[in-house]
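Undergrad: Sequence:
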Amino acid sequence: MCGIAGILTNTRPVNDQAVAAMLTLMAHRGPDGAGQWRETDGRVVLGHRRLAIICTGEDGRQPMATADGALVVVFNGEIYNYLELRARLQEMGHRFATASDTEVILEAYRAWGEDCVRELNGMFAFALWDRRRRRLFCARDRFGEKPFLYTVGDGYLAFASEYKALLALDGIAADIVPERVARFLLAPGDGLDRGGETVFAAIHQLPPAHRMVVSENLESRIDRYWNGEPDHDAGRLDIAEAAARFRHLLEDSVALRLRSDVPVGSCLSGGLDSGSIACLVRRRLGDGVPYHTFSGRFPGTPVDEGTYIDAIAEAVHPIRHDVAPDPAQLMEELGDFAWANELPVDSASQYAQYCVFRLARKTGVVVLLDGQGSDEMLGGYEQYFASYLAETGNVDEAAIRARYPGALSYVEAWHLRLPPVVRRHLARLTGRGTDLAFGLRPDLVPKARPQRPRSLQAALRHDSLDGFLNTLLRYGDRNSMAHSVEVRLPFTDHRLFEFVQGLSARMLMGDAQTKRLLRESMTGVLPETVRARWRKQGFLPPHEAWMKDILLGAVKVVIEDPSFVCSPLWEPGWLRSAVTRAYAGEQGLASALWKVLATEAWRTHFIARAAAQPKHSPLM
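Just so it is clear: in the sequence shown, position 78 is 62 by the numbering used here, and no numbers are missing.
The set of hints was computed from the structure by calculation and includes no laboratory data. Certain hints may be false.
As the list claims (entries may be wrong) - Lysine-lysine pairs mimicking DSS-like chemistry, simulated, CA-CA at most 27 Å apart:
id, residue 1, residue 2
1, Lys520, Lys532
2, Lys599, Lys148
3, Lys346, Lys148
The model shown is predicted, which means the values in this text are computed figures rather than measured ones.
Please build the complete structure, drawing on both the sequences and the hints.
TA: Structural data, given as structure tokens:
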């Protein structure tokens, strides 16, 4: 887990100082060392900030070259199956000088070329310079856990793990695309960095599951190397067989992600996902090995998960660490939080995640397992029942309505079915409504809402590969790396996804159960009070209380600032009425007002700061 940066030019030499400045801005991603490598003609410079997890000695430092000097790589992430790949490559005659997973990438490329990425089970973003072929080979993991951002300027291509590093280059402006911001604010699942685009006009990203080859003349080719094709053999299994197979795959995924030369702990929220991982970790480690868990708590509020955390802790007896974020602390740290995340965040829950990772670092635990990815892969959100019933008919509808009363409220209220222009007029006329669309410039509001896939598997596939999971993974990357902590996600193992995609809808959400397959597979492993917990809480702070107690005053200050009127995003009139109504006690406005606060914090504490930092020419 690290930060990477580099510049490739077509004629002039690279300015080493520009790469050094990019690395300095990402020092939090790698406090254990920094390194640069320069091609003899000066047209390629690769840089690396190191967080030492595997092969922590000098042998593991980067940039790393092969013994013959033909290949050089900078790599961010972990290759979990590196031991198995190393053994295969040794049988093929490859020699290794280190115990690092980084060297496995180099030798895998030597053996299989561009298809080496298909062999990697891990989270990764890397750039490999092939000195003989004079080309840069770049790749990103299947789900996009690790970032790969790049920009193309006059005579160069530059890449980095974070926006702030690229924005330090001369000529790369922090100009945003307002339509993309609005899209995110209205539908966070659409993301701010989706596909190959980002919110910054001058910066692109390599999409998840893609690879890119850039020639020395800066001609590039990008293609997708993995599509998440379903395992069709899975469809022949009954529910008991499928659950057993899924559990085996998840156990192996957990085992692979426990490989580390530094301490490994777990995030523990009290839900199915993190609880399942914690129980499987304990079974893997045995009772005698110390095991740390880290939880965000909101004591005395309806959203506190303490009861369920206690139940899991009783089963796995970890060394527990709890943190209780509060809104006053959030406001004190809002600038640092915005700088770390680089883009607006849709919920204050991301601040709670930020605090959990900070606690882990202070405790000395550098690697944490977490449960992200399960909801999107396995059907963890109640709204998926709409797609489930569209595919299977109404056989489970009565049971679903009884267990999840709000799950099928997909028929919108009459006013939500009105054209957006009419809704906006009514909102202005009445001074009502809670939809943030009323507070955005009219030209930024989409004319129609995107249609959700009708089949359950299509919905899960979309959200896992092209939807909200991408955004959640970015949150996890930035919040963990802000504190030099590595987060590993057992549910984002491509083998699990392929297997689940091959199952029927009833295997996943039948018998009125969210995540039916996971529940079945965890029988006898997860405490029953957690396994049979039907309603998902989510890792959420008490938004309404936080807004009422602390955050509302900050929102009021923001919208009264003269610069707010000049923003390319907002329509201040409705937002002022929303603040007034919130002060009067109206509920349901916290989400919209939080997004205003988070977006303006991003504008003030990230965009303005990035624009004001010293600029460095990428070329000599």
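Undergrad: A separate judgement is required for each hint: does it hold in the structure or not?
TA: Going down the list of hints, with the structure as the test:
Our distance criterion of 27 Å between C-alpha atoms is met by lysine 520 and lysine 532, whose separation comes to about 24 Å. For the given pair, lysine 599 sits about 11 Å from lysine 148 by alpha-carbon distance, which is consistent with the 27 Å threshold. At roughly 25 Å between alpha-carbon atoms, lysine 346 and lysine 148 fall within 27 Å of each other, so this suggested pair holds.
In the structure shown, no violation is registered for any of the earlier numbered hints.
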